[in-house]
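All chains should be built: construct the whole structure from the sequences, respecting the hints.
Each chain, letter by letter, is given below.
Protein chains: 2
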Amino acid sequence: MRRTKKERQRLLSETIAENPFVTDEQLATQFQVSVQTIRLDRMELSIPELRERIKDVASKSYENEVKSLPIDEVIGEIVDIELDHRALSIFDVQEEHVFQRNGIARGHHLFAQANSLAVAVIDDELALTVHSNITFVKPVRAGNRVITKAIVIGRDEQKHRTKVEVTSTVNGETVFVGEFDMYRTKGKGE
Amino acid sequence: MRRTKKERQRLLSETIAENPFVTDEQLATQFQVSVQTIRLDRMELSIPELRERIKDVASKSYENEVKSLPIDEVIGEIVDIELDHRALSIFDVQEEHVFQRNGIARGHHLFAQANSLAVAVIDDELALTVHSNITFVKPVRAGNRVITKAIVIGRDEQKHRTKVEVTSTVNGETVFVGEFDMYRTKGKGE
DNA sequence: TTGTTATTAGCACTTGGTACTAATATCAGT
DNA sequence: ACTGATATTAGTACCAAGTGCTAATAACAA
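From first to last, the protein sequence lines are chains X and B.
Numbers 22 to 211, taken from our numbering, label the letters of the first sequence in order.
Numbers 22 to 211, taken from our numbering, label the letters of the second sequence in order.
Check each hint, because a few of them may be wrong.
Put simply, identical chains are the same to the list, so a pair is met inside one copy or across any two.
To be verified - In silico SDA-like cross-links for lysine to any residue, where the CA-CA straight-line distance does not exceed 25 Å:
#1 K76 with V56
#2 K180 with G124
#3 K76 with P41
#4 K159 with L109
#5 K180 with T195
#6 K76 with E39
#7 K159 with H181
#8 K184 with N123
#9 K159 with I125
#10 K159 with E186
#11 K170 with R107
#12 K27 with N40
#13 K184 with G124
#14 K76 with R60
#15 K180 with R162
#16 K159 with E146
#17 K184 with F120
#18 K76 with A38
#19 K27 with V43
#20 K159 with L147
#21 K159 with Q179
#22 K159 with I111
#23 K180 with N123
Quick caveat, the hints were computed from the structure, so don't treat them as lab data.
Because the structure is a prediction, the values reported are computed rather than measured.
Structure, rendered in C-alpha cells:
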C-alpha cells in the first residue's frame, strides 16, 4: 500500500470531482495502483464510470435550458423557473468567493447570482439591468448554500421595463435583498 | 428510398442538433433505414458519434462554468488610490464578460469592479458593502476599457459607515453610477 | 501462524461505435 | 430493357472504456 486506502479514495473523489473526464487508466497511473483497484474504489465510493459522468455533466446543462438565457450564463444553478413570474437558484459559497481576512463572501458574488437570476426570469431574448437597489443584510460565509428567489413584481409595457424583487437566504435567514429594474426589447405577446 | 436522401439528411441534422443524445439505432428506427445508412449519413454530414457529441456538450458547459466563476480576477486593476478619499481602476471588457446573444457586458462584472473599488478605497482591514444603489446608464461591450472612479463622500463614525460614490466611464461617457454604503470595523485613527 | 483486508490478474461480456468489403436495390438516361 | 451511377444494406473485425465475476497473491495485525 503506497498510502492508506482511505487516503487514496479521498484523493480519488477529489480528483474526479475536479476533472470528471479522467479515465480509470489515467487514475491508476496517477495513484500507482492497478486499474482494478481504481474500479474497486469507484464502486465503494459509488462513482460512476467516465461515460456516465460525462453524460451527467452534459445532460445537466442540457435539461435546464431556458429560453431567455443559456444556463451557463447564470451564476448558481437554477432549480425552478416560471418565466415572467418567479425563479429560484442555488449557489454554494466556496473558499474562493470570500475575503481571506474575514471569511465573508464578497458582495459581487451575491450580486451576480441575484442579477443573473433577474435576467433569467425575463421571458425575452434581451434583458438588461437598468437600475438596482440592493442591501446586504447579513454576511455570508464559505460553505453556506445561498437560495435566491426572484419574483416579477411589476411591468411597464410602454417603457419596456420589468421590476424584479430578489431575495437571498441562507438556512431560512435573509442575507440579501434587491430590487432590479430590467429593460426588455419585446412587450407582451409581441 | 422512403424520401430522398437529402431530405433524410436534413432531418437527421436537425434531430441530432435538437437531441445530441440519440443513438444511431434510434435514428435508424425513426427514419426506417438501416443503421449503416445512418452512419453513412453522419459521415457525409461530418456529424461525430454519440459519445463525442456528449463529450462536446459536457466540456462546453464545463469550460463556461469555470469561466463564470473566477470573478476575483475581473475586478480590474487599481491604478491610483488615496485611502479614504478616492480610487481609480481600469477594466478591459473581454468576450467572456458579455452575453453571447447581444454582446453587452453582464451587469455583475461592472458591479464587481465598482464594488471591489469601493472596498479597496476604505482604509480598514474589514470593509463590507451594506447597501448600494446602482444604475447601468449605457451598455458596455467587449473591447471597451472601463475606467472606474470611487470617491468617498461621507462618513458616520457612530454607525461605522462610509458612503462611496462610484462612476464608470467608457471613452469619457458615463456607463455606470453607483452609491455604496460601506461598513468598517474601525473608526478614525483607531 | 492464521485470519482479514487489500490488491492484482484474467476472462467473458457490453455499448456504441469505426473501418472496411461486398452484395443488392433503385433510379435515370439512352 | 440494359447499363451505369448512386443508394442502401449486410457482415466482419476491431476499439475504448468500461461491468461482473472468480481467483490468486500480498500485506498487516493479533
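Going through the hints against the structure:
{"no.": "1", "hint": "K76 with V56", "result": "both (22 Å within a copy, 22 Å between copies)"}
{"no.": "2", "hint": "K180 with G124", "result": "between (42 Å within a copy, 22 Å between copies)"}
{"no.": "3", "hint": "K76 with P41", "result": "both (10 Å within a copy, 11 Å between copies)"}
{"no.": "4", "hint": "K159 with L109", "result": "within (20 Å within a copy, 28 Å between copies)"}
{"no.": "5", "hint": "K180 with T195", "result": "between (31 Å within a copy, 21 Å between copies)"}
{"no.": "6", "hint": "K76 with E39", "result": "both (16 Å within a copy, 16 Å between copies)"}
{"no.": "7", "hint": "K159 with H181", "result": "between (33 Å within a copy, 16 Å between copies)"}
{"no.": "8", "hint": "K184 with N123", "result": "between (34 Å within a copy, 21 Å between copies)"}
{"no.": "9", "hint": "K159 with I125", "result": "within (10 Å within a copy, 31 Å between copies)"}
{"no.": "10", "hint": "K159 with E186", "result": "both (18 Å within a copy, 22 Å between copies)"}
{"no.": "11", "hint": "K170 with R107", "result": "within (7 Å within a copy, 35 Å between copies)"}
{"no.": "12", "hint": "K27 with N40", "result": "within (20 Å within a copy, 40 Å between copies)"}
{"no.": "13", "hint": "K184 with G124", "result": "between (32 Å within a copy, 23 Å between copies)"}
{"no.": "14", "hint": "K76 with R60", "result": "both (19 Å within a copy, 21 Å between copies)"}
{"no.": "15", "hint": "K180 with R162", "result": "between (39 Å within a copy, 23 Å between copies)"}
{"no.": "16", "hint": "K159 with E146", "result": "between (34 Å within a copy, 18 Å between copies)"}
{"no.": "17", "hint": "K184 with F120", "result": "between (31 Å within a copy, 21 Å between copies)"}
{"no.": "18", "hint": "K76 with A38", "result": "both (14 Å within a copy, 16 Å between copies)"}
{"no.": "19", "hint": "K27 with V43", "result": "within (20 Å within a copy, 39 Å between copies)"}
{"no.": "20", "hint": "K159 with L147", "result": "between (32 Å within a copy, 15 Å between copies)"}
{"no.": "21", "hint": "K159 with Q179", "result": "between (37 Å within a copy, 19 Å between copies)"}
{"no.": "22", "hint": "K159 with I111", "result": "within (17 Å within a copy, 30 Å between copies)"}
{"no.": "23", "hint": "K180 with N123", "result": "between (43 Å within a copy, 20 Å between copies)"}
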